[in-house]
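Join the two chains into one complex using the hints; note that each chain is given alone, in its own frame.
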Amino acid sequence: MDSKTIQAMRLWTLAQPVVSAFVISVVRDFSARDDVLQEVAVAVIESFDSYDPQRPFVAWAMGIAQNKVRQYLRRIQRDRLVFDDDVLVHLAAAFEEESAEQSQSLAFLRSCLEQLEGRSRKLCELRYGSDLKPAAMAESLGMTANTVAKALQRIRDQLRACIERKVAVEMRMP
Amino acid sequence: MTRGPSELVSRYFDDLLTADEHRALQDWLRSSSDHAREFARLALLHDRLRGEQLANSLIHPPLPNATQAAPAVPRRTRRPFIISATLVMALAALLMVSLEIGRTPAAAATELKRLIAAQETDLDRTYRIAVEEVAMPRRHHRPDAEANRPPKPPLDGAILYVRKGNQFVLIRPMTDGRQFVTGSNGRTSWAVRPDGPVRVSADLTRFNRDLPGHEHDFPLIQIERGLAHLRDAYDIHLLPMETPDDTAADDLPTRLLVAVKKRGHRGPQRVEITYAVRTGQIRQLRFIEMPYGPEHLTVRLTQEEERPLGSLFFDHQSHHESDRIVEEE
Chain S
95 MDSKTIQAMR LWTLAQPVVS AFVISVVRDF SARDDVLQEV AVAVIESFDS YDPQRPFVAW
155 AMGIAQNKVR QYLRRIQRDR LVFDDDVLVH LAAAFEEESA EQSQSLAFLR SCLEQLEGRS
215 RKLCELRYGS DLKPAAMAES LGMTANTVAK ALQRIRDQLR ACIERKVAVE MRMP
Chain V
2 MTRGPSELVS RYFDDLLTAD EHRALQDWLR SSSDHAREFA RLALLHDRLR GEQLANSLIH
62 PPLPNATQAA PAVPRRTRRP FIISATLVMA LAALLMVSLE IGRTPAAAAT ELKRLIAAQE
122 TDLDRTYRIA VEEVAMPRRH HRPDAEANRP PKPPLDGAIL YVRKGNQFVL IRPMTDGRQF
182 VTGSNGRTSW AVRPDGPVRV SADLTRFNRD LPGHEHDFPL IQIERGLAHL RDAYDIHLLP
242 METPDDTAAD DLPTRLLVAV KKRGHRGPQR VEITYAVRTG QIRQLRFIEM PYGPEHLTVR
302 LTQEEERPLG SLFFDHQSHH ESDRIVEEE
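Chains S and V supply the protein sequences, listed in that same order. In case it helps, this note's numbering puts the first sequence at residues 95 to 268. In case it helps, this note's numbering puts the second sequence at residues 2 to 330.
Bound conformation, chain V alone (with noise of 0.2 Å):
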């Protein structure tokens, strides 16, 4: 029985060729790259699979009960099964353990879900945000309206304060030493520049496109609905866990969660998120790629403190003189 090529890969992954047929396929393989290719495809999904069927187990592992519903594998069946499942567990623990590698999905998600339930808290954060690269993407053009515009005060080195509910406080130091300051408390937003009448809008997002992120579901100032994009949008992987080498109190083990844009989806490229072990509270995040305007950023959020700042903070009169001129857009 003569069997086509898509046959013989499938049972080639199930060990099910003969001599001959393994033969054939060794022919076919070497009569085309594309041949080699095709084989590529279906040899990735075959071992995704395994890692899916195995991400699947971990999520929702079987009731007690589930085993009697199952089919009955004999006993000559299920024990070799048995003692082969528990090498490939104790295989991939001892793969864990010796390259602190979290690998699977499964364990990435489910670290990623308690990042977004740390992020639950009423306290205040302050970030430092640092521009480690500005890259302009090779296929823009820019029109003239936005070459008309005036620069963005420069976001390197500037500090931004988050509240719950959409508040926050962005101060962008300026060449001159003075500060543009922007911000929202949730009822307006403002802004206070270093001269001219101070801003405000009662459209909350009309202040926000100075920080990166908003309009492409990772607003700065929403870290958790950030972080829930990620999920759908990126591919997880988590990285080792480091100890700190002194013994600070405050240097709790950090872990790195390492998200890569999945094709088709928009934000920054890849969003590189440390975070402590134990608390699961996030110390920086990394945004690499991240569209800004015209531009690509690599931007780097450190968490700096968390503490209430008092109850006007987010207000703009906390932010500039009492006789500077206020004009409601």
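Bound conformation, chain S alone (with noise of 0.2 Å):
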């Protein structure tokens, strides 16, 4: 492997997990997101002699997972309610400022993870473990759709506050 392929690998890496949350976020479904997601990185890799190293990397990638996922959409074909253009290039750029922040704050979800107890850790290995949707869940679990959906977002919101905490209590470390 040459030393290009390998630098194109190392940025690909650093670069893929905003890249992945871009794609979830229109995508929706996770096997489609990885389907989608092995599409953008063999293209980074294909065409990294393109890239300018003077820009940033994560922004270049974007461009590229902006293009896949609008190949995507064309190819499903399917009447499913999806972003107009417009507001995927604004969500592109949205996730580029959010990058960096985010994947630091998001080290601590593992140990927010780790305090979810009963029904709600639950809930999230079925929502997430499992890929299953609320209607999937709520079936499983004997539960309404709409009380599933409320509770993941309240879990989802619980492990916010608690990245969030975790963040300001290791921004007062000396």
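Take these hints with a grain of salt, some might be off.
Partner residues are not named here, just some residues of chain S that face chain V (Cβ under 7 Å, in silico) [unchecked claim]: (1) 114; (2) 192; (3) 223; (4) 264.
Derived by calculation from the structure, the hints in this document are not laboratory data. Just so you know, even glycine gets a beta-carbon here, dropped at the ideal spot from N, CA and C.
Next comes the structure, spelled out in structure tokens:
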């Protein structure tokens, strides 16, 4: 493997979390996210020669990701609610801005997840470990889809608050 | 029923929005960059949650009888789930194989554990040190006392010998061709300057300041301790496996593990570890922006040898003439 490819791999490894989040925010389905992300990764490595090192790598990779997401949306050609193109561009810029800070803060997610108990933990496992949507989760848990959706929102809010608390504590450290 | 923006975003990720709600969400996103950033923050959490849960299931796979305790999923729900889960795993495996990137934190953590275990050996190690870059942080104001200190002998080109039990010998070449040697045999630490008396101290930390990393939980004489520190204070990524072009017996495939420091922790900004895939033996460590006195260094440690160096090698007497004056501090 030549040094340029290794450099591309290195940069991609660091950019991948934010690109992945951008892709999931548009395609919403985790298995589709994996598909699209794989296409982005291959395109990034293959077209690395055209990358200008003076530009931020994340911005360049996000450009590729936008194209791949558009191709995916055209490909699925189904009547599904998707973002308009101007919103897509707007979001890509927002992800670039948030990437560095959020990537670091999210390092606390694991310890916050460990604090979840009982039903919250179970809901999280079903939603994210088993990739079930609220309707399927509701069926297995004997709840309504609406109740599951509200519970998931509450869990995500709790996790965000936990992360923010940990970041605040860390900021006060010498 | 009108839903607030945070509920709209949450329901969007769970695929529960109606067409009207989706339109309302788009309008909200368009109306302010702050809204788009808030959405991005939630999406990053949503995406990371998936990664953490998958990693967790790889580390703690459910026990065979655990399925009995889990709530029953109806057959018509379970089947598509199994198919999609298999697809996800297959895609993940495909991605790993095609790009050879171990991108899950679990895979990287497991590999790191293996590297730490591989460090457990009674053999002595020899490293060559290369300083690639020296930078002075912009905000650093050099105090007078520091400015008056004589410059440290150069680290570039130095040889470091390490033995279990905090024993080490660091040989730094001076510009005039002579050597400045510091070390410790685990009972005393010592410094053999090119001229003047040999200094010996019962304080084992007395001369280890010559090595970068000792004050930031990554002592180069205790690599395994530094590796353990990476687990908590760094984000770990695995890069592709590399197969050497020639087929020499020693050229086993290697892999690069990259650790990026998390905010709020001390130490080098980034650590790159090249190791033999089969044995987990570290070939090279590269520290980027490693604090060293007032400077930040990019330092490369290449392992040259792994063999016993003799029982007296880490005593100061092995590194100077017998007629040198020895001063105990």
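TODO: If any of the earlier hints don't hold here, list their numbers in rising order.
DONE: No hint contradicted; all consistent.
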